[in-house]
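Chemist: Start from chain A and add chains B, C and D according to the hints.
Number of protein chains: 4
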Amino acid sequence: MIQAEPIAVEQRIAFGDCDIVGIVYTGRLLNYGVEAIDEFYKQVVGRGWFEFCTDHKLATPFVNVTVDFRKPATPRDKLICHVAPTRLGRTSIVFSVIGKQNDAICFEGSYTCVFTSMDTLEKQAPPDWLAKAIAPWVG
Amino acid sequence: MIQAEPIAVEQRIAFGDCDIVGIVYTGRLLNYGVEAIDEFYKQVVGRGWFEFCTDHKLATPFVNVTVDFRKPATPRDKLICHVAPTRLGRTSIVFSVIGKQNDAICFEGSYTCVFTSMDTLEKQAPPDWLAKAIAPWVG
Amino acid sequence: MIQAEPIAVEQRIAFGDCDIVGIVYTGRLLNYGVEAIDEFYKQVVGRGWFEFCTDHKLATPFVNVTVDFRKPATPRDKLICHVAPTRLGRTSIVFSVIGKQNDAICFEGSYTCVFTSMDTLEKQAPPDWLAKAIAPWVG
Amino acid sequence: MIQAEPIAVEQRIAFGDCDIVGIVYTGRLLNYGVEAIDEFYKQVVGRGWFEFCTDHKLATPFVNVTVDFRKPATPRDKLICHVAPTRLGRTSIVFSVIGKQNDAICFEGSYTCVFTSMDTLEKQAPPDWLAKAIAPWVG
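Protein chains in written order, with this note's numbering: chain A, 6 to 144; chain B, 6 to 144; chain C, 6 to 144; chain D, 6 to 144.
Next up, chain A with everything else stripped away, as it sits in the complex (with noise of 0.2 Å):
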């Protein structure tokens, strides 16, 4: 089966994000990481983790982040961020994260999140439709 291709998420630097040296804030650059993950659920299911959350009590919290910084990047260009999923296990999901600017390869990540009741953060099995909507990934 072939796999489908990593979506390629949009996000503007803030200046705001870049530092004193004039690149873009360590701190802040693992942020645009995650929030790229959010914006491929968005993309993929059509809803994101405040729906997750408000409309099915589901939480999906983050259990390890592994980031390599290949080069700075600053708010002169656009970063594109290609997430895809690269596992899917039984309560768990593995992204994979490669944020570029100008074709140039900024950071490379690794994100692993659980599934999770919103109320208890008890783990469970990820819900029919995500997986389903998820497949053409990790299926």
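One copy or any two copies: either way a pair holds, since identical chains are not told apart in the list.
In silico lysine to aspartate or glutamate, EDC-like type, Cα no more than 20 Å apart, as pairs:
#, residue 1, residue 2
1, 47, 133
2, 76, 124
3, 76, 113
4, 47, 82
5, 128, 56
6, 105, 82
7, 83, 44
Bear in mind the hints are in silico, worked out from the structure with no lab data behind them.
Modeler: This is chains B, C and D only, laid out in the frame that chain A set:
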């Protein structure tokens, strides 16, 4: 030689860093760990990243961040980050940051930075005053 | 009756909140003033916004923020915010926050919040324990 | 002379900017208004604050921010900020930003900035290319 103990950095968790689930949002929690390293420098070297840049033209961009999240953090308690350099390379440094609330581990991270010229971002050896200050951990 | 003095809230200015100009970015400096109000509550009431929400189902959304910026702030020094309620209405409260570095005023702001049910966001009178705690300033 | 219409700047509301109440935290909502001004410049002048600083040594620090909040914002919808300069002084500029979700006003703000040298922060007249670009609103 006996290694120095990690430095304990106390941080207030801001209300606004807590999401609708009632726990600190990953995109911000990552930043608490990053900021704790700056505080380590301020406490140990007497200067932080701002002074490194402004007074010494020294930048220390991150090349890797790896964090395992063990337990959600909340604004109800202070976050105590235990910070220590664990390895000093010729042009790089690795930090361990363990974030705790009420003695329970919220996250454990490893952060690798390189020493560079602020103007060219070319790698360089750490300045003597910095190498000397961190020698009790990695000397 | 003699009014109580403003509460001094000390905040570290994060490196990442400083922009390429070398001063704290307005979008973040505004947040330091907002967070200082939460710290006022923690120091005076013994509980902050998180506990208001979680334990009392009380939210206090802002209806107006007005800030004059006098002098750029930098990460080189601590920010000391002098916080005091200046007026208590039937369902609203006004705070004054004066942010200083090295005794020079960086900003002066006025912040108006309303007391509401967290669940419905309907306006309500402040609970007695809160009104009592802030009476020394606005009683 | 007929004044140009405000520029509509579309922004995604990040999940992490939403607090435990389920609405966008004031400390972040303030930043959306500030960032919208940078986007106005990018769309109208073809350059934003980062290019002002880096390429023109021009900084435009804020001297006043006044915002009325009308209705909570949520991550469920895009935020559309309607941005227009309303007054151009000899060394200052006033912007109006009206933030809407689904055609309902979330906030209305007035933001005053001064034009300065990035290096000295001394006030100066705006450069010709900038004054010319914003003339349709304040000429």
